[in-house]
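Throw the hints in and build the complete structure from the sequences for me.
Protein chains in written order, with the working numbering: chain A, 1 to 176; chain B, 1001 to 1226.
Don't take each hint at face value.
Claimed, not checked - Interface residues of chain A toward chain B, partial, derived using beta-carbon atoms under 10 Å: (1) Q93; (2) L99; (3) L108; (4) V121; (5) I128; (6) R132; (7) D139; (8) R161; (9) N162.
Hints listed in this document are in silico derivations from the structure and should not be mistaken for laboratory results.
Every value quoted in this text rests on a predicted model; they were computed, and no experiment measured them.
For glycine and all other residues, C-beta sits at the position ideal for the given N, C-alpha and C.
Residue strings, one per chain:
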Amino acid sequence: MDSRTPPLVNLEQGELYIGIRPAEVRTVLGSCVSITLYHPRLRVGTICHSRLAERACDQPLCGLKICRNLGDYVTCSVMFMLSYFEHHGATRQELVVKLFGGANMFNLQKNDEALIGRRNVNAAMALIRRERLHLLATDVGGGASRLLTFHTATGEVLLKRNKIGLSPASEPPSPS
Amino acid sequence: MSELNPPGNPSAPELNPLQQDVLVELFNMSLGQAVSTLSDLVGEEVFVSLPEFRVVERARMTEVIAEGLGAGVDMVAMPCRLLFAGQGAVAGLALLAAPRESFRHLADLLWNHQSPPAGERERMEQEAMLEVGDLLLYTCASNMSQFLESEIEGRAAVHVENAASMLRDLAPAWSPPGEPSLAELRVRFHLPDRDEVQGLMLFVLELSALPLLRRELNRLLGKLGV
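In structure tokens:
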């Protein structure tokens, strides 16, 4: 393996990754959402794969607390990732934020996936707004699942849409 | 005539041609991301015009927005501010405006031509347009804010019931009638394969904020070595 090639990390549902060292993080999204945060000066990127919007918490996130199932929740994941950057002296407005996922959020069939997708995207938007983050790109909704590849050292995101069923698409991935 | 306001040019007196060019280009780039989002959401190509910049008298703004869109225009608006540390803030209104029929067709594309339950169409259309408007307008304003190295404060997008009232809140109360008080950046968009879908995306700023904006544009130009 070329020593310059960053290691490949597969991100599962409920997980998040902080790119202290360069890595290529891949994840597949349906109604779940991924939010990437990238800091150009630190050259560090973080990404989450969250399947639920938010939960009530009687112990608000402080310091670097990691509670059970933190990664499952959009709000918890993003706050945790933000705390990493704050700990390293980064300001909110320096962060490049991108939002992906929420498949079927506009599907009129009121099945679980449609409702979950919409709630996840809406929760992400509410949090992004509340924390005054710069949302520079989004790719949400639609009926396809998404294969995301996030390069933590550059912030680049490559996205490939699949038909529902998660089989690889023939179209080349497009940068976002 | 001042070189800042050449004859026949409706430019704001506070921005020189280079500053205006930079502002328009920043808007153009910011809009690119928002339009890309719209295109992905509806699954079709979206064409946009070149951005225009102009100053407008507050009282005429509603009429100006609707210009060329015909009757029955709906709007989604997102009030926002760009905060420059220690310098102040630029208050603005990001707007998505389209004929009602255009929003109807956009909703059909979002829903992939599924039909909403009887009696719920109008409510669900408004809901869908609010969500889409929120995504597009916040993305556009975020990109502008990032280019200008400011902090963004954006409120949730709302369906505009009374455009005149929202614009009145934006423009200074003391602005004399007949005097320009708002600056506007706008693009027209349409779907090339669907003539019935067209609209505008606008960023409206209070004119009194232009001196601050001018300083920030000069700072940006300085960093670029211009």
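Hint check results:
For A:Q93, the shortest C-beta to C-beta distance to chain B is roughly 5 Å, which falls under 10 Å, so the interface hint holds. Hint status for A:L99 relative to chain B: holds, with the closest Cβ pair at about 8 Å, below 10 Å. Here the hint on A:L108 is kept, as its CB sits about 4 Å from the closest CB of chain B, short of 10 Å. Restraint check, A:V121 versus chain B: the minimum CB separation of about 8 Å is within 10 Å; hint holds.
Given hint, A:I128 at the interface with chain B, holds; its Cβ is 7 Å from that chain's nearest Cβ, closer than 10 Å. Interface restraint check: A:R132 against chain B, minimum CB-CB distance 5 Å, threshold 10 Å, status holds. Below 10 Å, beta-carbon pairs count as interface contacts, and A:D139 has one with chain B at about 5 Å; its hint therefore holds. Here the hint on A:R161 is kept, as its CB sits about 9 Å from the closest CB of chain B, short of 10 Å.
Checking A:N162 against chain B: minimum C-beta separation of about 14 Å lies over 10 Å; hint violated.
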